[in-house]
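Colleague: Sequences listed follow chains E and G, in order.
For the first sequence, position 62 matches number 62 in my numbering, and the numbering has no gaps at all.
For the second sequence, position 107 matches number 107 in my numbering, and the numbering has no gaps at all.
I should point out that these hints are in silico values taken from the structure, not numbers from a laboratory.
Since the model is a prediction, treat every value here as computed from it, not as a measurement.
Take the hints with a grain of salt, since some may be wrong.
[Stated by the list, open to error] Pairs of lysine-lysine, DSSO-like flavour, derived with a Cα cap of 30 Å: (1) E:LYS79 - E:LYS42; (2) E:LYS45 - G:LYS78; (3) E:LYS45 - E:LYS91; (4) G:LYS57 - G:LYS42; (5) E:LYS45 - G:LYS57; (6) E:LYS45 - E:LYS79; (7) G:LYS78 - G:LYS42; (8) E:LYS91 - G:LYS57; (9) G:LYS83 - G:LYS42; (10) G:LYS42 - E:LYS45; (11) E:LYS45 - G:LYS83; (12) E:LYS79 - G:LYS42; (13) E:LYS42 - G:LYS42; (14) G:LYS57 - G:LYS83; (15) G:LYS78 - G:LYS57; (16) E:LYS42 - G:LYS78; (17) G:LYS78 - E:LYS91; (18) G:LYS57 - E:LYS42; (19) E:LYS91 - G:LYS42; (20) E:LYS42 - G:LYS83; (21) E:LYS91 - E:LYS42.
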Amino acid sequence: RKEVEQDPGPFNVPEGATVAFNCTYSNSASQSFFWYRQDCRKEPKLLMSVYSSGNEDGRFTAQLNRASQYISLLIRDSKLSDSATYLCVVKYTGNQFYFGTGTSLTVIP
Amino acid sequence: EPEVTQTPSHQVTQMGQEVILRCVPISNHLYFYWYRQILGQKVEFLVSFYNNEISEKSEIFDDQFSVERPDGSNFTLKIRSTKLEDSAMYFCASSSDISYNEQFFGPGTRLTVL
Numbered sequence: 001r002k003e004v005e006q007d008p009g010p011f012n013v014p015e016g017a018t019v020a021f022n023c024t025y026s027n028s029a030s031q032s033f034f035w036y037r038q039d040c041r042k043e044p045k046l047l048m049s050v051y052s053s054g055n056e057d058g059r060f061t062a063q064l065n066r067a068s069q070y071i072s073l074l075i076r077d078s079k080l081s082d083s084a085t086y087l088c089v090v091k092y093t094g095n096q097f098y099f100g101t102g103t104s105l106t107v108i109p
Numbered sequence: 001e002p003e004v005t006q007t008p009s010h011q012v013t014q015m016g017q018e019v020i021l022r023c024v025p026i027s028n029h030l031y032f033y034w035y036r037q038i039l040g041q042k043v044e045f046l047v048s049f050y051n052n053e054i055s056e057k058s059e060i061f062d063d064q065f066s067v068e069r070p071d072g073s074n075f076t077l078k079i080r081s082t083k084l085e086d087s088a089m090y091f092c093a094s095s096s097d098i099s100y101n102e103q104f105f106g107p108g109t110r111l112t113v114l
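Same shape as in the complex, but just chain E (with noise of 0.2 Å):
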């Protein structure tokens, strides 16, 4: 089975902490992974790609663990903006992607 895994949430954070999200994949026959942000009614945008020794985007860091088939995503000092659902994604051999449920984000004033 391929399945992707997140905690739905919802994470109500205050602006300016730090969160993390996590997602675990079950099928170990999986090539890349992604983060996607995806505001309300609106389409998926893709956020990182998540490459095997970790990588950074600003305040956005991505981690992956192919032993234990998981991925993270860390925000720092968290804005507003940031605000939305965001999906874990999996492609697995071939050219089919996977999506997890979402994790709801809500930064506070």
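Following the hints, position chain G against chain E.
Modeller: Chain G in isolation, oriented as in the chain E frame:
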């Protein structure tokens, strides 16, 4: 900035009718996808398309569904004999390079089956 466009933004149809959802991918992209998202649920992969043929499809993409690239710009999803449970947001996406993997999504078509 180039973007994926989809029409219509909202389609209402009667159960049993056929609908065609239209997408215009980014012009130099080669890989095209359809996803659906039932309200309150996760985004689900339907099908990927490359070089004028289906490259992958999910269990959801049964004989009721078909895709076509009728010309150099449009990419369509046809749903035959719609059912109530087909009501969902349908997203089209495209990417330029399978190895790069970044997919750009259109704004979606909300399909309501009555």
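Colleague: Work down the list of hints and note, for each, if the structure agrees.
Modeller: To see whether the hints hold, each was checked on the structure:
1. E:LYS79 - E:LYS42: 19 Å, holds
2. E:LYS45 - G:LYS78: Cα-Cα ~25 Å, so holds.
3. E:LYS45 - E:LYS91: Distance ~16 Å between LYS45 of chain E and LYS91 of chain E Cα, so the pair holds.
4. G:LYS57 - G:LYS42: Within the cut-off at roughly 17 Å; holds.
5. E:LYS45 - G:LYS57: 22 Å, holds
6. E:LYS45 - E:LYS79: Holds, at about 18 Å.
7. G:LYS78 - G:LYS42: Holds - the C-alpha atoms of LYS42 of chain G and LYS78 of chain G are around 21 Å apart, at most 30 Å.
8. E:LYS91 - G:LYS57: Since the Cα atoms of LYS91 of chain E and LYS57 of chain G sit roughly 13 Å apart, the hinted pair holds (cutoff 30 Å).
9. G:LYS83 - G:LYS42: 19 Å, holds
10. G:LYS42 - E:LYS45: 14 Å, holds
11. E:LYS45 - G:LYS83: 29 Å, holds
12. E:LYS79 - G:LYS42: 25 Å, holds
13. E:LYS42 - G:LYS42: Cα-Cα ~13 Å, so holds.
14. G:LYS57 - G:LYS83: 20 Å, holds
15. G:LYS78 - G:LYS57: 14 Å, holds
16. E:LYS42 - G:LYS78: Roughly 22 Å between the alpha carbons, so the hint for LYS42 of chain E and LYS78 of chain G holds.
17. G:LYS78 - E:LYS91: 25 Å, holds
18. G:LYS57 - E:LYS42: Distance ~24 Å between LYS57 of chain G and LYS42 of chain E Cα, so the pair holds.
19. E:LYS91 - G:LYS42: Holds, because 15 Å separates the two Cα atoms, which is no more than 30 Å.
20. E:LYS42 - G:LYS83: Roughly 24 Å separates the two Cα atoms, so the pair holds.
21. E:LYS91 - E:LYS42: 22 Å, holds
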